[in-house]
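Colleague: Letter by letter, the chains look like this.
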Amino acid sequence: MNASAAALRIAIVGNPNSGKTALFNQLTGTRQKVANYAGVTIERKEGFYTAPSGRTVRVLDLPGAYSLSAASPDEAITRDVCYGRYPGEALPDLIVCVADATNLRLHLRFVLELKRLGRPMVLALNMMDAAAKRGIRIDTALLQERLGMPVVETIAVRRGGTAALVDRLDRDIAPLDAVPEPHDDLHVEVRALLAETVTAPRKTAALDDAIDRVVLHPVLGLAVLAVVMFLIFQAVFSWAKPVQDAIDAGIAMLGTGIGNALPAGALQSLLVDGVFAGLGAVLVFLPQILILFLFILALEESGYLPRAAFLLDRMMLAAGLTGRSFIPLLSSFACAIPGIMATRSIQDPRDRMTTILVAPLMTCSARLPVYTLLIAAFIPARTVAGVFNLQGIVLFTLYVAGIVSALAVAWVAKKLNKDKSEHALLMELPSYRLPHPRDIAIGLWERAMIFLKRVGGIILALTVLLWFLSSFPGPPPGATEPAIDYSLAGQLGHLLHYVFAPLGFNWQISIALVPGLAAREVAVSSLATVYALSGNEAGLPSIVAAQWSLGTALALLVWYVYAPMCISTLATIRRETNSWRQVWITAGYLFGLAYVASLLTFQVARMFA
Amino acid sequence: MTTYAIVQTLIIALIVAWSAWYASRRLLPTASRRAQARVATWVEGPAHPAWLRRVGHAMQPVQTTSGGCGSSGCSTCGACTPSTPIEVQPLVFKTRAKP
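Which chain is which? The protein sequence lines are R and Z, in order. Just so you know, this note's numbering puts 437 at position 437 of the first sequence, and the rest follows in order with no gaps. Numbers given in this note's numbering equal positions in the second sequence, counted from 1, plus 1000.
None of these hints come from the bench; they were simulated from the model. A couple of the hints might just be wrong.
Calculated Cβ distances over 10 Å to all of chain Z for the following chain R residues [claimed, not checked]:
hint, residue
1, L68
2, R382
3, A401
4, Y498
5, S568
Here are a few chain R residues that face chain Z, going by a calculated C-beta distance under 8 Å [unchecked claim]:
hint, residue
6, A264
7, G456
8, I567
Here are the computed lysine to any residue pairs in the SDA-like style, where the Cα-Cα straight-line distance is at most 20 Å [to be verified]:
hint, chain 1, residue 1, chain 2, residue 2
9, R, K241, R, I393
10, R, K453, Z, S1024
11, R, K415, R, Q582
12, R, K33, R, P435
13, R, K453, Z, V1016
14, R, K453, Z, P1029
15, R, K241, R, F230
16, R, K133, R, R159
17, R, K415, R, L330
18, R, K33, R, L330
19, R, K453, Z, Y1022
20, R, K453, Z, W1021
21, R, K203, R, V219
22, R, K453, Z, R1025
23, R, K453, Z, A1050
24, R, K133, R, D208
25, R, K203, R, M427
26, R, K33, R, F48
27, R, K414, R, L492
28, R, K453, Z, L1028
29, R, K415, R, I585
30, R, K33, R, F295
31, R, K133, R, Y432
32, R, K414, R, K453
33, R, K33, R, E46
34, R, K453, Z, W1018
35, R, K453, Z, A1020
36, R, K241, R, G386
37, R, K414, R, F295
38, R, K453, R, I247
All C-beta atoms, glycine included, are put in the ideal place defined by N, C-alpha and C.
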């Protein structure tokens, strides 16, 4: 091959969780999401690298598939690209099939199926380090001879672990002999190949079996899961405080400095009451979001999450979901959008629809600022039973409320569907892996950047717009009320107050709910801006604690457990279901639940007050 | 009106205009692109001088694929890829075969 030749188009395919995306990242230098469970990649991803010969190589990373007989929408993408039937995508010049060297019993079947396409193909035996640790020995030369295709050893998670593959791809690779009619049993062929080329002391890792005896135990396993989740929320409150205080003090100092430097007027108000009060109120939650994601990233890398799915399968089945819904629902804890998109790995359309319906009930990270603001203002930072942080317990309860509500809604959907068929969960349990500190650090860095970009982008834009609407038109001559009462936002807030008063929401909260539709955290920055323009000098937590009743705070917390407060999520539901009806159903039931639950919460709290 | 007041008004107008444009681009991408194209087409009209037509041409929105994840309000999860077109995978219902 020479530098002047056209770009080589290669497609990375293989079973789920074989390390395709890690290989893709290693080849192209990108940072696509990787995790230790099946179904992380649900779309094709494209990247480029320059081979040592100077030739450009275009790399396609495809969703994992067990077979070319696609069972789910993500597998269909892989099938269509391999057959050259994917719209706008030419048949790849070369297929790089990635197989987990520790699990060839499963992965070689797909290799043989792909081989029958007769396309030029290379087999990348990935995770060779893990295989060596488990004493698995693979005669690569013999395997290459038997398969009739180049076989290259790789360690996709290690720097330089794909050098041999890059070198091999830079040389010509001949097409294989096409076998149009597969008559013989692929499993028989796999067994014969393994007998000849692989020696392994045991089928599974001894450590995995030992850990699984505890974490997959029907009782002990659930206790471990509850403890893990509980500890995460304890840490969110216990560890973040010092950093939050430092950020808060820094922002306050900067705001005061700029406020003093500018003459009194609209520009000073925009910067102090709008930008610094609004964005500052959201920015202080960065440490808590990072702590939450530290645990999520560590769990994703460890291989524990599919076990949790397995444990919860029975419970989810009773509620009308399956264990397959677990990963999409878990993704929804970060954001409902990738969660809804991850439902593509669910084969049954009704299971997929139910999962989409309940995904917005999972507590996304955008809710965290609202929750922690109200918890910090109303729940004392007391220690319970000598160890537990009371605020952490309340946060944990809110997350559990979201999960329980999702199960309840799924159960109702199942009853309405009249679908009594059961869908067995078939899920691959990956080997446990110690989370790599570098990967976790990169993940956290990216998470922080995403949050900061969001603060500096959509949250800033909406805060400025809200400041504008809260400042204009100005008060008439001789006005006695605060200026905001006469502004457009003030008037809208008073109008919405009629709807939300039974829930205990004041007009300031009613205003904040509107921009909060774009992004939930904006509700916090909006409250900060509205109160700052109303002449309150104190920080938002102090204002909330002093001016709201406990019933109002609890009702707002409950509102955020259910409320359909995210336009982007609804847009994703429209795209994934191709139905406006589904969007209205989702928005309608979420709004109804939010209103009724908040109403009950406020009225009950008022009775006991 | 003092010079400071004029400068202040100009700065605020620019910041608010940017915020409105940014928010509409993120939350209503299709509608905002359509509006931008309409304005650009008008500015590009033959009745206008050449320099203004060039401005109109430059204002025409670039064709991109819009998607919810990353290119919309939400991007907290990190699983989104703003530069990659999002493939639609709508649900298709099929009648379940009776056992």
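Colleague: Now tell me if each hint is right for this structure.
Modeller: Hint-by-hint comparison with the structure:
1. A cut-off of 10 Å between C-beta atoms confirms that L68/R is not in contact with chain Z; the least separation is 18 Å.
2. Taking the minimum C-beta to C-beta distance to chain Z, about 30 Å, the non-interface status of R382/R holds against the 10 Å cut.
3. The non-interface label for A401/R is consistent with chain Z: the shortest C-beta to C-beta separation is roughly 20 Å, beyond 10 Å.
4. No Cβ of chain Z comes within 10 Å of the Cβ of Y498/R; the nearest lies about 26 Å off, and the non-interface call holds.
5. Look at S568/R: its CB is around 4 Å from the nearest CB on chain Z, not clear of 10 Å, so calling it non-interface is violated.
6. The criterion of a C-beta within 8 Å of any C-beta in chain Z is not met by A264/R, whose closest approach is roughly 11 Å, and the hint is violated.
7. Among the interface hints, the one on G456/R is violated; its C-beta lies about 10 Å from the nearest C-beta in chain Z, farther than the 8 Å criterion.
8. A distance limit of 8 Å between C-beta atoms decides the matter here; for I567/R the minimum to chain Z is near 6 Å, and the interface restraint holds.
9. With a C-alpha separation of about 16 Å, the suggested pairing of K241/R with I393/R holds against the 20 Å cut-off.
10. With a C-alpha separation of about 17 Å, the suggested pairing of K453/R with S1024/Z holds against the 20 Å cut-off.
11. As the CA atoms of K415/R and Q582/R are separated by approximately 17 Å, the hinted pair is consistent with the 20 Å bound.
12. The straight-line distance between the Cα atoms of K33/R and P435/R is roughly 14 Å, inside the 20 Å bound, and the hint therefore holds.
13. Between K453/R and V1016/Z the CA atoms are separated by roughly 18 Å; this keeps the pair inside 20 Å, and the hint holds.
14. Taking the CA atoms of K453/R and P1029/Z, the gap is about 18 Å. The hint holds against a cut of 20 Å.
15. Under the criterion of a C-alpha separation no larger than 20 Å, the hint pairing K241/R with F230/R is consistent with the structure, at around 18 Å.
16. Between K133/R and R159/R the CA atoms are separated by roughly 18 Å; this keeps the pair inside 20 Å, and the hint holds.
17. Straight-line distance between C-alpha atoms of K415/R and L330/R comes to about 24 Å, which puts the hinted pair past the 20 Å bound.
18. In summary, the hint linking K33/R to L330/R is supported, as the alpha carbons are separated by about 15 Å, within the 20 Å threshold.
19. For the proposed pair K453/R and Y1022/Z, the alpha carbon gap of about 13 Å is at most 20 Å, so the pair holds.
20. Between K453/R and W1021/Z, the direct Cα distance comes to roughly 17 Å. Compliance with the 20 Å bound is thereby established for this hinted pair.
21. Under the criterion of a C-alpha separation no larger than 20 Å, the hint pairing K203/R with V219/R is inconsistent with the structure, at around 26 Å.
22. Taken as a hint, the K453/R and R1025/Z pair is honoured in the structure, with Cα atoms around 15 Å apart against an allowance of 20 Å.
23. A threshold of 20 Å between alpha carbons decides the hint, and for K453/R with A1050/Z the separation of about 38 Å lies outside it, so the pair is violated.
24. Note on K133/R and D208/R: the hinted pairing holds, with a Cα-Cα distance of about 13 Å set against a maximum of 20 Å.
25. Of the pairs offered as hints, the one joining K203/R and M427/R holds, with about 17 Å between alpha carbons and a cut-off of 20 Å not exceeded.
26. With a C-alpha separation of about 17 Å, the suggested pair K33/R and F48/R falls inside the 20 Å cut-off, and the hint holds.
27. With a C-alpha separation of about 40 Å, the suggested pairing of K414/R with L492/R is violated against the 20 Å cut-off.
28. For the suggested pair K453/R and L1028/Z, the alpha carbons sit about 19 Å apart, so the restraint of at most 20 Å is met.
29. Taking the CA atoms of K415/R and I585/R, the gap is near 16 Å; set against the 20 Å cutoff, the hint holds.
30. A hinted pair counts as satisfied when its Cα atoms are at most 20 Å apart, and K33/R with F295/R qualifies at roughly 16 Å.
31. Between K133/R and Y432/R the alpha-carbon distance is near 13 Å, which keeps this suggested pair within the 20 Å criterion.
32. A distance of roughly 40 Å separates the Cα atoms of K414/R and K453/R; the hinted pair therefore is violated under the 20 Å criterion.
33. Between K33/R and E46/R the alpha-carbon distance is near 13 Å, which keeps this suggested pair within the 20 Å criterion.
34. With a C-alpha separation of about 16 Å, the suggested pairing of K453/R with W1018/Z holds against the 20 Å cut-off.
35. The suggested pairing of K453/R with A1020/Z holds, with an alpha-carbon distance near 17 Å, which does not exceed 20 Å.
36. At roughly 19 Å between alpha-carbon atoms, K241/R and G386/R fall within 20 Å of each other, so this suggested pair holds.
37. Using a Cα cut-off of 20 Å, the hinted pair K414/R and F295/R is violated, with the two alpha carbons roughly 32 Å apart.
38. Restraint check for K453/R and I247/R: the C-alpha separation of about 17 Å stays at or below 20 Å, so the hint holds.
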